[in-house]
Structure formats: C-alpha cells, structure tokens
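Asks: Each chain is listed here by its residues.
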Amino acid sequence: MKTRKLALILLFVVLALIVTGCWNRREMNDLAIAIAIGIDKSGKQFRLSAQVVDPGEVAAKKGGGTRTPVTMYQATGNTIFEALRKMTTVAPRKIYMSHVRMLSIQEDVAKEGIGKVLDFMSRDHEVRTDFFIVIAKDTSAANTLKILTHLESIPANQMFSSLQTSEQAWAPAVTVTLDKLIADIVSEGKHPVVTGLRIRGEQKIGESKRNVEEIASPAQLQYSGLAVFNNDKLIGWLNEEQSKGYNYIIDKVKSTVGVVACPNGGKASIEVVRSKTEVKGKLMNGKPRMDVNVRIEANVGEVECSMDLTKTKTISELENSTEKRAQSIIKMTIEKVQEKYKVDIFGFGEAISRYHPKYWKKVKGEWDRIFVDLPVHVNVDVKIRRLGTVGNSFLEEMKKKE
Amino acid sequence: MLENGKIGVRQLTILVILISIGDAILVLPSIPAIEAKQDAWISVVIGLAIGLPIVYLLTIVGKLYPGLTVVEYNEKILGTWLGKAISLFFLSYLFFSAAAHLRESSDFMITNIMPETPIMAINILFLGIIVMGARLGLETLTRTAEILFPWFILLLLMFILFLIPQADIKNMLPVLGEGIKPVIRGSIASAAFPFAELVVFLMVFPYVNQTNRIRRSFLLGALLGGIVLIAIVALSILVLGADLVARNIYPSFFMAKKISIGNFLERVEAILAIIWFISIYFKITLYYYAFNLGLAQTLKLREYRFLTLPSGMILLLLSLMVAPNITYYNEVISKYWPNLDFTYSILLPLLLLGVYALRKKFKRNM
Amino acid sequence: MAQQIGTNLQENLRSLKEAVGNSNDIIFREFRTGDGDGINAAMLYTDGLVDKNSVQDFIMETLLIDVRNIDMTKKNIADILTVGDMQQLKDFDMLFTRLFSGAAILLLDGYEQGFSIGMSGIKDRGVTESSGEAVIRGPKEAFSESILTNTALIRRKIKDPNLWLETRQIGRVTKTDVSIMYINGIANDKIVEEVRKRIERIDIDGILESGYIEELIQDETYSPFPTVYNSERPDTIAAELLEGKIAIIVDGTPHVLIVPALFISFMQSPEDYSQRADISSLIRILRFLGIFIALLGPSLYIAITTFHQEMIPTQLLISLAAQREGIPFPAFIEALMMEITFEILREAGIRMPRAIGQAISIVGTLVIGQAAVEAGIVSASMVIIVSITAISSFVIPSMNMTISFRMVRFLLMGLAASFGLFGISVGIVALVLHLCSLRSFGVPYMSPLSPFILTDQRDTLFRLPHWAMYSRPRLISQKNVIRAKNQPPKPKPKNSERKGKAR
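Residue numbers (full-length UniProt numbering), protein chains in the order written: chain V, 1 to 402; chain C, 1 to 366; chain U, 1 to 503.
Bound conformation, chain V alone (with noise of 0.2 Å):
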C-alpha cells in the first residue's frame, strides 16, 4: 500500500519532469521583449511596429557596443493580433508583450476610432493595462520608436517617465493607462483625452545613433496637448493651455506653475504645490448646471517685478491675480470644448449621474446636446503659502539704487 503511494508520486515526478521543456515554459532569453508598440494605418491593414530590448545591448558592461539598445519590427496585418503573430516571419523570437510601457497611436487611425486596437489589449493575458498611451501627432507611430534618447538608452522607458513626470510637474499632459481609456470611452457620462507626442528636429538623424552622440540631441520627442475624442475618434486637440485647464477640472494637477501678472506691471511665476478640485453636478429647476471649485495652494517661485513680499497685503493681491488667471484658464478650455468640440471630456455627465440618478437615466441619451450649452460655475480658491528660501526680490533693491 505505501510502496505503491510512493511509487506513484515518483511517477507524478517522473511525468512532470518529462513534460518539461513544452507548455508555457519559455526562458528568459527566447524572448523578444517589447517595450513599445505602434499602431498605424496602412491602406485597409494596419501596421504594427514593436520596439524591442536587445539585452545584451543595454546590460553591456562596459561602455555601450556598436549596436542600438533596441530594435524595431514591422508587420502588417487585417488585424492587431494577426499582425503581432506575422512579425515572426521577421523577429528570431516571440514578441513578448508584457513590460510593454508605451502604446503609440497614429492620429489616423485614432480619427477612424481606437476601439478595434484596444480589444486585443484588453483581452490578451500577456498585455498588462500599466503602459501609457499617447497618440503620434504629424507623425507616424513608428516614427516615435525611431527616436533615440539621452539618459534613458531605452527609448520607449524615457518616453513613459517624461509623460509620468511631465504629468507631475507641469499638468498638460495625462497619463492615460488602458482600463482608464476604456472606461472612458465605455462611459456615458465623459469621453477619453489622450497626450499628444511629437517629434521635435530632424527625423532621420534622431533614428541614427549620431542623435545621442551629440550633447543636443538633434530629434527629440515631446509631448504636446491632448487630443479630444468622441468616444473612440479623435476629433481635435487642446494646446497646452487649454490642456491645463482639463487637468484642473478632473483633478489631475499635482504641480505646475503659473505666470501672472504683477500688480505694477512685471511678472511672477507662482508654483501650485496643491490642486484638489470638485465638480458637483445641480439641478436648478430641472436644469442642470455644474460648480467646479479648486483649491490650490500655492508658492511664489520667481518674481519679475517689484512688489513687497512683506506685506499681506501683496500676497492676497497675487492670490487674487492667480485665482482669475486659473480661472480664466479653466472657463476657456470649457468654453472651447463646448463651443469646438461639443463633447464632455470633463465627466461632468458622470457628475451628475452620481447625484442625481433618476434625472441623469431620462437625458443620458442627448447628455452631449445638454453639454454644449451647459452652465459651469468655476471659483477657484488660491492660498499663497511661502516665498521660497528669499523675502523680497533684490530686483526690489535694484530699483531703489536707481
């Protein structure tokens, strides 16, 4: 009895070391790791192109070699996944989509809409849904995974901390992961915005290795603006500013600065260290109406102008000038949107399905044509907490001598 339990776990044992070597088992150096994807149009087809880690390349030990950190492959196919599976006719190895960190899209293809390019995303176990995803502005998407970079040898690693970082410090641009975009565009309630990349300078230079031999690199990618999209077709951009004020309205600002104008003429830069924003949807005699009020706190960074920073006085005179100048950001970029663009990217229609359920099921339907002419109330709250390492400006003293 026992020798026969035994005899039959060494079987077990037997059996599963034999097995070895098929399966899922795939050593860590049968794999093309991507680290970017593009998307783009190609007649009816589309064209993918994976931006893949040469290992060996980027862990050298010493100095870098002669050849580039990554590679690119390019297939096209009627599909994504018939695409990804055709790249094996020129990639030695699977394509391995799981530390994928960008998701490049064409502007093409984003204005025939994203919703066929990011089913295979969702439903693939190797995808993740931690990879940002921008959308190649005059460019194509291939273009993008061309460019070589500074710092990060890895293109597509530079490409996914100078959006994470550029979101943090500066506002205009959102990261957007792939169950955040698909939420959106599944919402009734708001429609996805997505960053904008761009290539600045020469094309062809920064796909050589001459782009990171020179200390300016002479392409570099950048990110810029937000496209709008009605559900999942582009349908235009925001500039910068306007991008600014998006990120206020959904609460996405952590950081930024803003430029306002001194009391005497001049100007100072004002650092948001805080943001917290609240959209509360109303409903006034059964129409609706939104307040958005921010909260920001704020330091002064830079003083162009003379003014005394002493006196409590001045401070509430820049928080006043920051206020309108936050608020006028923000009352703009909704006006564009509404006037331009007639899609609620702000979730104001989720803001009021939140409150108000039984008002939101009746106009759900039409809620864009309700959007366009809707009533937003911005008031913005600014607290000017500190003045950095110096009081008064010595520009201040400068001007006394003269």
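Just so you know, these hints were derived from the structure itself, not from any lab.
Don't take each hint at face value.
Said to hold, decoys possible - Pairs of lysine-lysine residues, derived as DSS-like cross-links and limited to a Cα-Cα distance of at most 30 Å, are as follows:
| hint | chain 1 | residue 1 | chain 2 | residue 2 |
| --- | --- | --- | --- | --- |
| 1 | C | K300 | V | K233 |
| 2 | C | K300 | C | K6 |
| 3 | V | K383 | C | K170 |
| 4 | V | K331 | C | K170 |
| 5 | C | K6 | V | K276 |
| 6 | V | K364 | C | K170 |
| 7 | U | K90 | U | K52 |
Stated by the list, open to error - Interface residues of chain C toward chain V, partial, derived using beta-carbon atoms under 8 Å:
| hint | residue |
| --- | --- |
| 8 | T111 |
| 9 | M114 |
| 10 | P115 |
| 11 | E116 |
| 12 | Q166 |
| 13 | K170 |
| 14 | G177 |
| 15 | G241 |
| 16 | K258 |
| 17 | S260 |
No residue lacks a Cβ here, since even glycine has one placed at the ideal position from N, Cα and C.
Dock chains C and U against the given chain V, drawing on the hints supplied.
Replies: Frame of chain V; chains C and U shown alone:
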C-alpha cells in the same frame, strides 16, 4: 466508522470561512455586478442576509442525529430505499459541484496564467492533491487548512491594503440609482455560491468535537466569509468601477494586476493568485471527500479510500465534459446553478425536517 | 532456554571456552580459595573491558590472601568481596552479556550460580565539546559513546528520583544496552507504554547506533521528515525530558533519541533558551525565513524566470535576460546542475579529512561557480540563487531536517519547471498535507501549529521569557502541564535613588 478523525470547532470555523469564500472570491464580483452595477456590494449584503438563515437551517438539520451524516439519517428519516435514492441525488450534486469547480479553477489558470498548457495536465496535477487530501481524511485536511489559513489571511489583507489607495468612492455612486430590483436579482447568486453551497457540511458535522458549539462556529464562519466577500466586491467596484467588474470574467484577478505601491511592489498578481488557489482547493477537496464518504456510507462499505482513485478519474473526465467552452460555463453557472444549490440547501433540509416532525407526531399518536 | 550454570566448575569452564572459541582476549584465571585446600574457583574477564588494577586489588587479593581462613563453602561470597556492583548469574546468556559488558565473572566449584562483578574499565572518549550542535552560549559538553557516562550526564542535570531509567538489551547478537529515560509524573504514561511496546517489538541482530532504533520505531517510514528527534547535548535532552518527552539512550553512540518529536522542535536550538527572549524570537523568525528560501529559492527563480516574466521589473528582466544570452540550457537544467554540484561538494567536504575538507569545498565552489559563469554554462544570477539557498539551508539547527528540506526542494524545482507558480502551490499544499498527516507516537507532528494550541505558542514561533513559559506542551505531557508559578520579575526601585534620598 468510516472516518475516525475529529475536528475542533475552531477548525470548523476556518473550514467554513475558506469554503464560503471558495470560488466566490474569483467570480462573485462580476455576477451581481452584471445585474446591480455599482450596487453589487449591496447584493452581496442581501445575499449574506439570505444566506445566514439557510446556514441556520442547515445546523437545525445537522442536530437531528448528532453522530450521523446526512446520508445516514436520510435513510432513518425517509426509509431505506427513498433515503438511498435521495442520498444518491445529493451525492451526485456534490460530485458535479466538485467537477464544475475544478473546471472553473483550471479555466482560470489557463486564461490568465498558462494559456498554452493543456487543461488535462493542470487538472491532473490539481486532482493529484485533491485525491491526496481526500484520502488522508478530514482531520488532516482540516489541519492543513489551519496551517495555510494564516497565509491566506495575510495575502488577503495585503491584497486589500494594497488596493485601498486606488479606491475611488465615486465609483460606488449613485447608491441604488437603478432601484432595488436589479440588486435583488444580483443577490440570488451571491446567496447561492458562498452560503447555499455550505450544505456540504452536513457531511462534516458528526465529526466535530463539541456538538453544542457547532451552530455558533458554523454561523460565525459563514458570517466572516460573507464579510470578506462583501469587502472584495465593494473593493472591486471602488477600484475598477461597475462596468469593468461586470465585463471581466475574473474581476478580482484583474484588480490584483493593478496593484502598484511605490513603483516596486507591482505585478504581484501571480503571488496573490495563491489566495484563490487555497480557497478553491479546500472547496473542491471537501466536496470530493464528502462524495466519497457519502457513497461509502450509502453503499454500506467499510472503507471509502479505495473509492477515491476511480472517482478521481471520473471527476477528471467530468470536469472536462461539464462545459464545452467558457461562455457556456459562465451562463450555466450564473443562471442555473443557484437553483441546484438552493434545491439541496433549502428543499432537502425542509423535507427532512418535515418528515422527521411527522414521524415524531405519528409515533406519539400511536 | 539458555544453558544453566552447573555445580561442576570444570564442566562450566569447558563449555565456556567452547562457546567463545578459545578467543584469547577472554582471560580465564583458575585458582583455589578458602581455608585448607580451599575450593576450585575461576575468574573470567575480557581483556581491555575491565579495569585490571581493580580486579587485582579487590578480587584477586581478597580471594587469594584475605580469605585463607574462611570456609568458602559456608560463607556468602557477597559478604567477602569489597566491591559494590555484584550480581548473581544463573545462566550462560546472562554470563556472556555481563562478561562482554566489562564485568569480571567469578565461578566457584559447587555453586549453582556465578557472580558478576562490575569492574568496567572501558576506555571512553570522555566528555568532549559537541561537534554537531555548537552553541555560543550554553553548556558545551556532549554525550560520549558510553551509556553510563551519558545517563550520568543527564542525572547530573535532573536530580529527581522521578527520573526513571529502564534498560534492556536489544540485538540478538550485539546485545546492546538501550535505556528509556523519562520523568515519571511528567511524561505521558500512554506514550511511555507505546515506546516500551515498540522497543520490545524490535527483533534485529545488531544495534550499532541509535539510528537503527529510530528507523525501527518511527511512525512513518516513507516520509522525508524525521519523526524522532536526536541530540548529543545533555542540556537539550534534559530540557526535552522536562517537557514530558522520553529519551532513548543507546550504548555506543552519543546520539540520544527523543520521542515524540514535533516539527517545531527541529527548528529550535538549545541556545534559544539561554539567549534573551526577544533575540531568540527574532532568530527563530530568521530560521523560518531560511527554511523558506532553502525550500523555495531555486524553484521560485525557475518559475518566475521561465513562466512569469511579467512579474520581474523591466530593468531587472533585461539584465537577467542579458546574463542568459548564450546559455544553452533551460533554467531548470541549469539549476539542477548547480544544485547537484553543490550537494556533491557538500558531501565531499564532510568525508574528506577535516584539515583539507573545508578549504577544498570553498575553493571548489568558488572555482566551479566562477568558471562556469565565465564559460557561459550557467548564469551569474543562478549561482547567486544556488549559493543563497545553500547557505539558508544551514540555519536549520537540526541536520536531519536540513536534509529533508533539501530533498523536497528538488521535487519543487521539478514542479516549478513544468507548471510555474501553480506547480509550486500544488507542491506546497501536498507538502503541508503530508506534514499534517504525520504523527510521532500519536502526537500530531505539526502541533502546536495545527491543531493550534494557544498556550503552547509561548514557545513555538516565538520564545517568551522564561517566567511566561509556565506550561508544558499540551499534547505531550497531558497530566502535569504546569511547570512553575513564576511571576514576572519585579525589580525594586533603583538603589541609587534610595541612597540619594537618605542623604
């Protein structure tokens, strides 16, 4: 006696918690969310409210004959032949449940973790420890549960804590925006999977040490299990939003993928999958064990262990045949399975209680 | 039935000589003793086993000189000889056992019995420092090969009449002394009875080490895990006896067995009790971490790098992948090769003469490790994993358990290589199932973790201060569980303060 082991009441509680969480932790969030959207967590609360009386009913039946399993007192109450027939129906329900859960867990593995591995290989390996657990008996199985339980709780707490930063209360609003009806519809599955399926414990009660404390620890276990499920469902709605929860087949796994603490503690879902692995393992094994034990008792055999290997093989095949594809499986599970659960957890106990009362009355009148 | 000792001395001597085949290490000394002509007598002893000087001084001198005027046929021999340990012998079996245990045998003509006189002078290694279970703080002495020395070492620690010793000879040929030692009133009678029964059941020709006994009395043969504990430290044995366990002492080996053995006792070192409680608790946690790494290190590495690459941070994955570029073997084979190489080195290190053993094993590991990496046969990360695993496995205080875990590790590696983390989970559940199904003399192996016993947690994963550990393990000593009624120490107010006030 076919089973010589004895388990304590605390061990019973642990087993009840694990089994009520069972596979529900994996599939439950999406089933009520399809009906009740962001109010799915209310569905589960109502499910708990429906479930606890069912669990109470089970303890009443369990007390009729303290030393006997349901299969044994079936024959005492309903007469030998009718009793045996009902027992066989009950056992086949246990067996099908085990097969369905086995299929569910291997489907999960294949979809999310190992898509190219044949389902047969995964099932054989899993079945290996299921059969092993059933052969070693209730006492060993419960002790194993006792050892793994702290790890289970630890991982569960990690899971919940790591996700709290991502929770967004807005996802839960509006409360009851669609009215109460979809919430009630969603609560049927939430009552059936965790709580009605505890009917398997009718096969375990006679082996618990302190008979008088069974009810308390059984209810406690179901309550704690229910609270965990409420927390998981609420959390998945808070983190993912009702739409994603409803659309995902395994929302809690999807949620685990989103864990990201300070850029280093991320991508840990494969570790957290151990939570589901443990709870599903104990659920299947207890069902399977109860089936073998019950079959041996119905057929008046002296041993149940020799049944385990052949029935294991049948279980393997059944788990492959139980559904042709995953859509079929999900449809059957959410629509028809609760009926089966309720049949055995409500109708059977009521039948037994009714006939028992009638018999008593009849005897007294004689 | 054994041959009885007859009244005729010559006949007895003849059959004795026949029985031992005239072996010349058995000394036969024939002489006459008593008044007048005296009676014929013979003295037998095994050369080397008895203390010759004592035989000379206390037996031969008495019998040849002091008793010249005494009628030996009337006087009781026990009243004459100035020796302490003296037994009457009825049959030859008994005679031989005593003879070969180092007693001198006196046979007298006309007597129906012989006399064995304990004169043992076996050369003993002496009490030396423990080599297998070293501690920094705590007693250093270890058992030796002589059972009498060993029992004495324990007696010296527990001075209580209730420390009972039962000795019997086991082994058809070797007739080895095997003693059961326990504290009456603390040890569980049922377990004592069970130990007695199992030891009596033993029928074997020879017992040369306690390992023989261990395999003959353990509950489960087909298990990698030991269900009998052994130690060569008297303090460990004394501590276990105080917990109500039973020691089995075998002559000829310094390794004393302890039953029932629990999984948890293999994780505890005697030093835990001499170090401060908080430190020992932390060290115990460290040990569990060590087990965890020793058991799962290579298998987790295999599972994650060949099945779940998505779990590895991108940067790390790239550098791991770069290390693996050009390595021809799958990670599993790589790990297997390195693990087996290590096991060979370890085994060789033990068997080699002590002077070169350690040096060679270190050099071997370094050279093989480094050269293998540079030759591109294994990756550097694999060498790291294997060495961490190897070092971790040695934090387990008990060598038995270390070996068990090392064995199980290979199974887990196989499962990890074919099923990834799923395989490891299956393996761990199977392992825990197996551990939970084990019993040692009726006591569940995994207790007090499972079944969980709250009062025993004072000395399980943690060690509370000694004043808090006032109860014995519940399942082992079932009748006398309270050790003492110690209170936490209440220090008096500081001396300096009081002095200060007085001034």
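Asks: Has the given pair, K300 (chain C) with K6 (chain C), been kept, meaning a C-alpha gap of at most 30 Å?
Replies: It holds: about 21 Å lies between the C-alpha atoms, which stays within 30 Å.
Asks: Holds or violated: K331 (chain V) and K170 (chain C), Cα atoms, limit 30 Å.
Replies: It holds: about 24 Å lies between the C-alpha atoms, which stays within 30 Å.
Asks: Should the hint that M114 (chain C) touches chain V count as held when the rule is a Cβ pair under 8 Å?
Replies: Holds, about 4 Å.
Asks: Could you check if Q166 (chain C) really has its C-beta closer than 8 Å to a C-beta on chain V?
Replies: violated (11 Å)
Asks: Do the numbers back the hint for K258 (chain C), that is, is its least Cβ distance to chain V under 8 Å?
Replies: holds (7 Å)
Asks: Below or equal to 30 Å on CA atoms is what counts here, so check K300 (chain C) against K233 (chain V).
Replies: violated (69 Å)
Asks: Min Cβ distance, T111 (chain C) to chain V: is it shorter than 8 Å?
Replies: holds (6 Å)
Asks: With 8 Å as the cut and Cβ atoms as the points, is P115 (chain C) at the interface with chain V?
Replies: For P115 (chain C), the interface hint holds, since the closest Cβ of chain V sits about 6 Å away, which is under 8 Å.
Asks: Return the status of the interface hint for G241 (chain C): holds when the least beta-carbon distance to chain V is below 8 Å, violated otherwise.
Replies: Because about 6 Å separates G241 (chain C) from the closest Cβ in chain V, which is inside the 8 Å limit, the hint holds.
Asks: If you take the shortest Cβ to Cβ gap from K170 (chain C) to chain V, is it below 8 Å?
Replies: holds (6 Å)
Asks: Within 30 Å, alpha carbon to alpha carbon, are K364 (chain V) and K170 (chain C)?
Replies: With a Cα-Cα distance of about 18 Å, the restraint between K364 (chain V) and K170 (chain C) holds, given a limit of 30 Å.
Asks: Sort out whether K170 (chain C) lies within 30 Å of K383 (chain V), counting only the CA atoms.
Replies: Between K383 (chain V) and K170 (chain C) the Cα gap is close to 27 Å, so the pair holds against 30 Å.
Hints 1, 5 and 12, counting from the list given before, are not met by this structure.
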